[in-house]
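**Student:** The whole structure should be built from the sequences, with the hints applied where relevant.
There are 2 protein chains.
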Amino acid sequence: MKKHNFNAGPAILPAPVLEKAAESALNYEGIGLSVLEISHRSAEFKSILAQAEELARELLEIGDEYAVLFLTGGASSQFFMSAMNLLNEGDLATYVDTGSWSAKAIKEAKVFGEVEVIASSKDKGYTYIPKGYAIPENSKYLHLTSNNTIFGTQFQEWPETEVPFVCDMSSDIFSRPVDLSRFDLIYAGAQKNMGPAGTTLVIVKKDILGKVERTLPTMLNYETHIAKSSAFNTPPVYAIYVSMLTMKWVKETGGLTAMAHRNEAKAKLLYDAIDASTCFVGVAATEDRSLMNATFILTEEKKGLADQFLADCAAAQCVGVKGHRSVGGFRASIYNAMPIESVAALVEVIKVFDGKHG
Amino acid sequence: MKKHNFNAGPAILPAPVLEKAAESALNYEGIGLSVLEISHRSAEFKSILAQAEELARELLEIGDEYAVLFLTGGASSQFFMSAMNLLNEGDLATYVDTGSWSAKAIKEAKVFGEVEVIASSKDKGYTYIPKGYAIPENSKYLHLTSNNTIFGTQFQEWPETEVPFVCDMSSDIFSRPVDLSRFDLIYAGAQKNMGPAGTTLVIVKKDILGKVERTLPTMLNYETHIAKSSAFNTPPVYAIYVSMLTMKWVKETGGLTAMAHRNEAKAKLLYDAIDASTCFVGVAATEDRSLMNATFILTEEKKGLADQFLADCAAAQCVGVKGHRSVGGFRASIYNAMPIESVAALVEVIKVFDGKHG
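Residue numbers (numbering that gives the first Met the number 0), protein chains in the order written: chain A, 0 to 357; chain B, 0 to 357.
Relax, there's no trap hidden among the hints.
For identical chains, the list gives no copy identity; a pair is met inside one copy or between any two copies.
Below 16 Å or equal to it, Euclidean Cα-Cα: the simulated EDC-like pairs (lysine to aspartate or glutamate) are:
id	residue 1	residue 2
1	350	274
2	2	311
3	247	60
4	2	28
5	1	28
6	2	43
7	204	222
8	1	22
What the hints contain is simulated information worked out from the structure, not anything from laboratory work.
**Tutor:** This is the structure:
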């Protein structure tokens with residue numbers, strides 16, 4: 000029996016994508032070879048890669064002034080690679096600190112330039128999104144994390160800025176329409192909303208590159224991958240293939256506007272149940288709640304019942320609901336591929352638990 | 000109908016591995032989730048990763064003084080990462096240049112230290128393995144490429160050296176027993192003999208690390224990945240899983256000694272047919288021929304028949320036989336997973352072609 004998969008990442012993928020991915024692992028489009036054993040220089044893989052780029056461009060309405068790359072190493076590699084490609088020694092970069100991932104990005108940028116953290120929600124355990132800060136005009140860029148998987152907060156609007164804008168969208172890419180023209184560099188590990196673990200999407204405005212003086216190792220220079228259309232060396236074929244299938248599914252199910260509506264409906268269903276309960280409270284400030292990762296905890300007097308609630312979830316086939324160790328409590332990740340029926344199954348567990356213990 | 004897959008990489012994988020990989024992409028071990036959507040912190044993936052490490056250790060007889068890592072970015076990333084982790088500015092590294100991949104490794108090392116190329120086979124189009132050179136005692140390490148996928152040459156014995164020994168084994172790892180104690184750092188992209196594209200094996204003697212003065216970005220420091228057992232950030236779950244299945248298959252089919260015997264028999268069958276023909280000649284010096292990639296060309300007077308030979312290969316379901324653009328002619332990659340029956344199918348094409356045109 001198929002589980003309700005609330006994992007934070009690697010995370011749920013659409014059922015038809017998994018079916019096609021499994022079929023192609025045996026025999027890709029009937030060619031007599033698995034997609035796992037075709038050359039990255041083959042016509043078949045070139046077509047997969049071209050489709051993946053085209054789908055990303057179409058879904059996010061990415062203009063020709065941007066390159067679309069499929070790299071490896073996750074957002075964790077983009078933390079340093081973005082700074083390494085954009086900052087000369089002594090240059091200033093501005094960061095908004097909204098949680099663990101922002102903090103890691105800040106740490107890596109300091110290897111290559113000066114970093115100013117202009118706003119942080121660390122004072123309240125990263126439970127909100129800071130607002131109303133001034134961005135130094137001499138910054139080479141502003142960096143923020145659009146959705147904070149661990150704490151369950153999400154930027155609902157972008158700060159106004161004149162400096163180049165770099166954004167880690169690992170956990171909400173393709174979950175809602177985005178005004179691409181606001182950004183200069185977007186990166187995202189695939190394993191939340193885009194596909195399986197193993198590839199990293201990078202969308203970069205070409206004219207911000209080529210301005211640093213340091214010698215970049217070939218593989219760490221975005222321009223290398225732009226010149227070779229993400230195939231300078233052997234790309235992660237299968238991860239790109241399954242990401243392509245996932246983007247195709249997003250397109251076929253109505254694109255990003257339809258996706259955003261479904262994500263809003265799923266999040267409302269879940270947050271309403273949390274708010275209506277007497278046992279549970281949401282972790283994030285209401286206006287900054289993530290539509291991707293809902294974090295919630297038991298009230299002080301019910302704290303001892305955490306294991307019971309997780310057991311109830313497991314009995315209802317809801318897996319991955321345990322909260323991240325740095326927040327505790329519970330986290331339900333309800334990415335694009337999560338059907339509302341699965342959210343309803345979890346909501347039912349919450350309601351029954353609340354009826355019994357509330 | 001299943002093709003005879005002579006691709007140079009990504010390359011053929013064992014049929015039972017592909018079957019299991021496809022099954023797990025739908026439902027991993029009956030848990031009701033695809034292996035593509037399980038958390039990298041789950042008990043299931045922790046077990047996959049532990050098994051992958053254990054199998055690598057068992058097959059190659061790797062001692063505890065070495066760490067075994069599954070990273071991303073391919074050998075192309077190890078070209079700079081090895082130098083970045085081992086060389087201080089001004090330090091000397093010694094390289095043997097046996098082809099395109101060596102040349103790329105040399106280029107990247109120059110970003111971080113001084114490089115001396117003590118031997119090269121470039122003078123004869125990289126068709127042989129240089130021998131009889133002195134390794135400067137003040138080198139921080141010696142680097143070589145064990146098997147040259149493009150040119151079809153392979154080290155049959157290792158140079159004697161007192162300095163740390165770094166080796167790119169991308170295209171012959173797990174193809175034969177190796178005296179691990181001779182090496183300090185081995186790296187290999189998975190997509191030839193170890194698994195699908197998307198992960199990179201690194202075997203590193205722990206005591207050679209931690210000696211450089213530069214500040215390394217967290218993700219580029221081997222010690223980060225050692226401390227977190229290859230799970231500092233989200234690893235490429237599926238690529239590691241399929242690599243684990245492939246290593247398990249190597250073990251179950253007799254380990255590296257049995258594998259080497261099969262590889263020798265396959266290579267002998269193919270090279271004997273090339274040598275017995277009047278139309279074809281081998282590219283590499285006989286004593287340096289690769290057991291993994293056999294490169295061969297048509298004789299001068301038969302050159303015009305290249306397309307005909309490739310058409311004959313295709314008609315016999317033999318794919319991936321076209322040579323690399325920098326060598327021309329033909330290349331048959333006959334990695335571990337290639338059954339001798341497939342080699343026999345290609346040999347039959349060679350014999351019939353030679354009978355007709357020789």
